[in-house]
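Chains as they are written, first to last, in the working numbering: chain P, 47 to 205; chain G, 47 to 205; chain W, 3 to 84; chain R, 3 to 84.
Source of the hints: derived by calculation from the structure; they are not laboratory data.
Treat the hints with care, as some may be off.
Computed cross-link-like contacts, DSSO-like style, restricted to lysine-lysine with a CA-CA straight-line distance of at most 27 angstroms [what the hints assert, rightly or not]:
| id | chain 1 | residue 1 | chain 2 | residue 2 |
| --- | --- | --- | --- | --- |
| 1 | G | Lys120 | G | Lys195 |
| 2 | G | Lys182 | R | Lys70 |
| 3 | G | Lys201 | P | Lys157 |
Spelled out, the chains give:
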Amino acid sequence: MTKVSNTAAANTEISIQTADFSLADEVALLERDNAIDGAVVTFTGRVRNQNEGKAVTSLTLEHYPGMTEKSLAKIIAQAKERWRIGRVKVIHRVGELFIGDQIVFVGVTSKHRQDAFAANEFIMDYLKVQAPFWKKEASTDGANWLDAKTTDENKAAKW
Amino acid sequence: MTKVSNTAAANTEISIQTADFSLADEVALLERDNAIDGAVVTFTGRVRNQNEGKAVTSLTLEHYPGMTEKSLAKIIAQAKERWRIGRVKVIHRVGELFIGDQIVFVGVTSKHRQDAFAANEFIMDYLKVQAPFWKKEASTDGANWLDAKTTDENKAAKW
Amino acid sequence: MIKVVFFAALREQLNCSELSINSDNLATVADLKNHLASKDENWQQVFANSALLSAVNHDMVSSEQAIKAGDEVAFFPPVTGG
Amino acid sequence: MIKVVFFAALREQLNCSELSINSDNLATVADLKNHLASKDENWQQVFANSALLSAVNHDMVSSEQAIKAGDEVAFFPPVTGG
Numbered sequence: 047m048t049k050v051s052n053t054a055a056a057n058t059e060i061s062i063q064t065a066d067f068s069l070a071d072e073v074a075l076l077e078r079d080n081a082i083d084g085a086v087v088t089f090t091g092r093v094r095n096q097n098e099g100k101a102v103t104s105l106t107l108e109h110y111p112g113m114t115e116k117s118l119a120k121i122i123a124q125a126k127e128r129w130r131i132g133r134v135k136v137i138h139r140v141g142e143l144f145i146g147d148q149i150v151f152v153g154v155t156s157k158h159r160q161d162a163f164a165a166n167e168f169i170m171d172y173l174k175v176q177a178p179f180w181k182k183e184a185s186t187d188g189a190n191w192l193d194a195k196t197t198d199e200n201k202a203a204k205w
Numbered sequence: 047m048t049k050v051s052n053t054a055a056a057n058t059e060i061s062i063q064t065a066d067f068s069l070a071d072e073v074a075l076l077e078r079d080n081a082i083d084g085a086v087v088t089f090t091g092r093v094r095n096q097n098e099g100k101a102v103t104s105l106t107l108e109h110y111p112g113m114t115e116k117s118l119a120k121i122i123a124q125a126k127e128r129w130r131i132g133r134v135k136v137i138h139r140v141g142e143l144f145i146g147d148q149i150v151f152v153g154v155t156s157k158h159r160q161d162a163f164a165a166n167e168f169i170m171d172y173l174k175v176q177a178p179f180w181k182k183e184a185s186t187d188g189a190n191w192l193d194a195k196t197t198d199e200n201k202a203a204k205w
Numbered sequence: 003m004i005k006v007v008f009f010a011a012l013r014e015q016l017n018c019s020e021l022s023i024n025s026d027n028l029a030t031v032a033d034l035k036n037h038l039a040s041k042d043e044n045w046q047q048v049f050a051n052s053a054l055l056s057a058v059n060h061d062m063v064s065s066e067q068a069i070k071a072g073d074e075v076a077f078f079p080p081v082t083g084g
Numbered sequence: 003m004i005k006v007v008f009f010a011a012l013r014e015q016l017n018c019s020e021l022s023i024n025s026d027n028l029a030t031v032a033d034l035k036n037h038l039a040s041k042d043e044n045w046q047q048v049f050a051n052s053a054l055l056s057a058v059n060h061d062m063v064s065s066e067q068a069i070k071a072g073d074e075v076a077f078f079p080p081v082t083g084g
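For reference, chain P alone in the conformation it holds in the complex (with noise of 0.2 angstroms):
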């Protein structure tokens, strides 16, 4: 089982999977029959090969099925109220990831590029604090749960 869930409203996709994703696909799908969006903007997050001075060699992704879905839900309509956007999908891997490898993607269209700027880190900022996942890394020191990030709050907290 590859895909763990596939949550889909008008113009909004969620998915929180196992499998790795394609960026052009993605893209595609986003501006396919699209012509009224002209900017589009994505985020990838990758698995970095180090972490506050540790070498990482893995991390792996405990999220909680159910809530995650109802969570990036939320936060996409929130972003929805507040800009002009078109089309969002939000992609998040679960399991375990290696160096190099893609965590999570957001893809959003919109008609002027501000909308999709700000509603795309929007939706980054508080998938970072609110959508429920874990990251367990594997470095030179064991395996340690990650700890939150005050910053990460911060961010979340100045919208």
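Fit chains G, W and R to the given chain P structure using the hints.
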């Protein structure tokens, strides 16, 4: 001649071209051998099917060869001074483009997402008001040079 | 009955991912927390952590949130996705 | 001599994309503008537009910018790329 010019500096590439580009290929280049940057933000601008209520059929992009590259390099250098970013790629197409065609691409990588988001939007905002490109729009109203928008001036001034 | 689920570091510390609890005498999330903390020293220590988050039926809530039979209550550490 | 180039709507209005001008007696971009505006009524009208932008050797400049022989001076409307 599809490639008008290609300017590369350390971790920076600027391409002015008539040919289309592949988002997937561009992002692959930004990510290749780059495991220190966990964040990749892309902006893609496309030809919309309407503009200020008129049905658009095509756009013709003119630019000032030489100055275009110089002004984009300056904008990217400013972004690199302000934010901690890794690689930057800017592509701008010139010539005749049709509905849905890609016009412009900005890709930025960084260790932390905030830098990539800010630098990408900054580059787009400054490109809009400083890089010597001009759009002639073919629409139901005939062929007309587009007017610059004061909203773009205001947006760039906010940084 | 109330279904209670635990995630990530919390799940490992408690060595428990899910349990069912009789909801009689448990009016709020705080009551449930106190009840769970009374299990033994380990559970007490874990639930003393003020950073712990709670959700009822998939919505993040505060400790004052009322709970009732049939609810799903979750406890977990601050999230670290993205 | 100074190389002068025009772009976009300006190029079309003047029906000219490039010309060479003797730089004697032209100390600044403003001097060059006045000189060009004196060509005929069409050029005068075009250069009366205060939104017009100028660049010297590929850098955006104000009208006070000094110019000298060998420079490339450009005039164009506000830009609309992206």
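Structure-based check of all given hints:
1. Under the criterion of a C-alpha separation no larger than 27 angstroms, the hint pairing lysine 120 of chain G with lysine 195 of chain G is consistent with the structure, at around 22 angstroms.
2. With a CA separation close to 33 angstroms, the supplied pair lysine 182 of chain G and lysine 70 of chain R exceeds the 27 angstroms bound.
3. As the CA atoms of lysine 201 of chain G and lysine 157 of chain P are separated by approximately 16 angstroms, the hinted pair is consistent with the 27 angstroms bound.
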